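Undergrad: Given next are the chains, with one letter for each unit.
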Amino acid sequence: MKFGVVVFPGSNCDHDAYHAAKHVLGQEAEFLWHKDTSLKGADVVVLPGGFAHGDYLRTGAIARFSPIMPAILDFAKKGGPVLGICNGFQVLLESGLLPGAMLRNRDLKFHCEHVTVRVEETDTPFTASAMKGQRLRLPIAHGEGNYYAEPDVIRSLEAQRRVIFRYCDARGEVTDAANPNGAANNIAGICNEGRNVVGLMPHPERACEPTLGSGDGLILFQSVLASLARERAVRTA
Amino acid sequence: MSTVTPEEYERIKRSLKREPTETELGIFSVMWSEHCSYKSSRIHLKKLPTKGPRVLQGPGENAGAVDIGGGLAAVFKIESHNHPSFIEPYQGAATGVGGIIRDIFTMGARPIALLNALRFGPLDGKDAARTRRIMEGVVSGIAGYGNSIGIPTVGGEIAFGDPYTSNPLVNVLCLGIVAADALVKGNASGAGNPVYYVGAKTGRDGIHGATMASAEFDDKALEKRPAVQVGDPFMEKLLLEACLELMATDALIGVQDMGAAGLTCSTCEMGSRGGAGVEIDVMHVPQRESGMTPYEIMLSESQERMLLVVKKGREAEVEKIFEKWDLHAAQIGEVTTDGVMRVKDHGTVVAEIPNTALVDEAPVYDRPTTRPAYLDEVRALDVASLKPVAPQDALMTLLASPTIASKRWAYRQYDTMVRTNTIAAAGLSAGVVRVKGTNRALAISTDGNGRYCYLNPRRGAMLAVAEAARNVACAGAKPIGATNCLNFGNPERPEIMWQLVEAIEGIAEACRALDVPITGGNVSLYNETDGRAIYPTPIIGVVGVMEDASRVLTRTFRGARDAVVLLGEDRGELGGSEYLTIVHGLVRGDAPAFDAAREAALIRLVTEAASAGLLRSAHDCSDGGIAVTLAESCFDSGGIGASISLLNDLELFSESASRIVVSVEASKEKDLLRWAAAAGVPARRIGTTGGSRLEIDVHGKKVVDVGVAEAENLWASALEKHFKRAVA
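The listed protein sequences derive, respectively, from chains A and B. Take 2 as the starting number for the first sequence in our numbering and just add one per residue. Take -3 as the starting number for the second sequence in our numbering and just add one per residue.
Hints are computed from structural coordinates only; laboratory data are not their basis. The structure presented is a predicted model; accordingly, all values stated were derived computationally and were not measured. All C-beta atoms in this analysis are idealised placements derived from N, C-alpha and C, irrespective of residue type, glycine included. Watch out, some of these pointers could steer you wrong.
[Said to hold, decoys possible] Cβ-Cβ distance ranges computed for the label pairs, FRET-style:
#1 B/R680 / A/K23: 35 to 41 Å
#2 A/K133 / B/K320: 43 to 49 Å
#3 B/G555 / A/E232: 41 to 47 Å
#4 B/K320 / A/D153: 41 to 47 Å
#5 A/L109 / B/K320: 53 to 59 Å
#6 A/T237 / B/P49: 57 to 63 Å
#7 A/D177 / B/R557: 50 to 56 Å
#8 A/Q135 / B/A705: 26 to 32 Å
#9 B/A705 / A/M132: 30 to 36 Å
#10 A/L109 / B/R680: 48 to 54 Å
Please build the complete structure, drawing on both the sequences and the hints.
TA: If you want it as structure tokens, here you go:
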């Protein structure tokens, strides 16, 4: 499978996502420059973390106008798997692929640490190989990860089971103390209505090798590989 | 504003054989400032060992470089941004980070790690509110720049002390990786080759920043705020990527960032190194404001700007790379053969100075030195007269003191993991980053104890080198190179100059003995406010390499029933200790003794034992003595305790050098003791890990018996409490 890793000016986890796909998973991977208009045959698109355009104006607000974005919107509309990590999640929010917005962390400080998230749903390409309720230890590194949406939006996200990851404690309990940034309903990640576009604040690409402190993030990448393989098998059958 | 002395003015006239123009005088005044010319320290810096089989680049370039094997080089340097950080903490610290990162990527290296050594005044007492504000600003400035540009902050240290109240220290170290044969130099050569300016536009910010950094502060310090620059990490990220892309071609001749003294310094230093001249016209320099004079353009310290010399005929290729990153590369001049820095304004020459006059003929002072009178008074220490304090109370007090308490409040704000190389979690050891594509990892530590140096600058400096090297060894790496940042007061005072000379000689001696050559660094003088100097504070950064990254060690105990072994020997030394300072309120005595041969043997032993997989954890004994070392070995372990026996009460908090507490599987204890005996390192088993309490007895009498969770909670929350209180 081929991973396309989008590079905006100011992206800084692009190399990390590339490394995870190419060297840890042994898949094909290619950088997609933001001024390009083609996804170069990528089977899965990753919008990596960082500070696209310096986070100036608003996180992700300028990146959404990049020449590559129409191709990504089109790819997503056709059901292609798209993963937005941290700043990539913020770009997905700005582009309208996912609902809601990010506020500053409630203590107004940047947080970099390992947190625990619970896998809420497994019917997305990025959680298909996980178990419902599975706890993942993943790093966060953000100053604006306090997920916010209008109450009716949150209600519909919950009703449509589109909350995919939630911050929880080590036992899997969703508590306020386990919420690192003040996100509504402890939301760490959500998906679109088609369930093929997933955005999350934690960094699974930083947790693909035990030597880095956790290998729990690998499941997202393994899931998308398995989903794509299944899809291909169905198509060729 | 000019700091040229009357004698220096005469010297300028002799060099030029005429009166200088206004622009020329400005150029001389920044190039001959202490910050740029090292005029007070230069003759002493020559004493430092700078060569070795692994040294690929010593002092004199933008940064030093050492061979780490496999055809790769580690490029690293430490630099201070003390003065700006006091005046404008956020921007001062942020631009300090930005400046040192530029020094690394101008050498062609991809920056992969940042560390910072910070010193602040006490967090309680009359100036506490201001100190908290400075510290919050500095920490968020470091975070704001480093996180955004995407280079992990993997280590460093923070200490507190009265003399830093009105003069905090912000020293930042950056390390990068480059193929050893692809190191880029900062020189201009080849007559007719175009000189390009890339990056942010030039504004009126930071004019005479280097001059500001070369003077003491007084009650007017805050009026100097306009001399502090404003950082833009996004611009620097673009410059970083574009420059590395350009360096992958062979179109580049040389590059230098515009740091202190801006366009002036980069123009004449590149010409000087390349044995050529550089001619520019300021009308081509991209400007942020209208009506800037040549003087202002040449002296501006606007951030995120680079000067490049490229091969003639390759201009289109170069411009295309910068355009890709939305950067504008402006050709502002060309290389000449006459060794002159020539500045024109719309074709009219406004400055014409031989490079040699600015760089090589800069004044060099052999300033007088006097052993300070305070030394005899403070060295006297009568341990017997100290009021008795229960050891456990003293330990808990130390664990909650800001210098020893967990720095999580600060490092949680830093992205410690971006680039996915950080293989030792923040706060658990020296900073350790793996080198992708190899099995190797690099460990980096910065250390320096100002109190030791105040009591004994020579010994204190040696101990700083030793501690940094020891910390690198505790992570499992062999120390191979060092960088230094010398933070001192006003060198025109003979007592301060004496401290500086003693410290440099101490560093030289220790680096020689431990075989860690100095590859570069920075001198920051005039760290005084209203005539009160900081503690003399040399900060040493040591880089070490380990061949097998999977052998990385941290300070934390790993399981129950391991043997706890003390390597090295206690000598009952309380002088200058954290215990005396925090528990008894005394800064007295002499710094701990230092025996370089013992230290070298200890470092070799630990490095070898670690690479053989013999050790489970390693933690050096420093601030707070072995009691604190043992407590910290329990912390972050998931609550593993230990039972320990010591020989006497003094041993608990003594800070004797050259000691490391390690844990080993019980079955390997004998092996380790045998290895130690063969290495000539004193070693003794002092206890066993296990349980959930830290218990220490002395001669069979239990003097410490505390739950790990209770002690850890105190230690982990102490720093944060100061800032929570500030918010409430």
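Undergrad: Now tell me if each hint is right for this structure.
TA: Going down the list of hints, with the structure as the test:
1. B/R680 / A/K23: 35 to 41 Å: violated, 50 Å
2. A/K133 / B/K320: 43 to 49 Å: Check passed, 45 Å falls within 43 to 49 Å.
3. B/G555 / A/E232: 41 to 47 Å: holds, 45 Å
4. B/K320 / A/D153: 41 to 47 Å: holds, 43 Å
5. A/L109 / B/K320: 53 to 59 Å: violated, 36 Å
6. A/T237 / B/P49: 57 to 63 Å: About 59 Å separates the Cβ atoms of A/T237 and B/P49, which means 57 to 63 Å holds.
7. A/D177 / B/R557: 50 to 56 Å: violated, 39 Å
8. A/Q135 / B/A705: 26 to 32 Å: Roughly 28 Å apart at Cβ, these two residues keep to the hinted range, so it holds.
9. B/A705 / A/M132: 30 to 36 Å: holds, 32 Å
10. A/L109 / B/R680: 48 to 54 Å: For A/L109 and B/R680 the Cβ distance comes to about 50 Å; the hint holds.
Checked against the numbered hints listed earlier, the structure breaks hints 1, 5 and 7; every other hint is satisfied.
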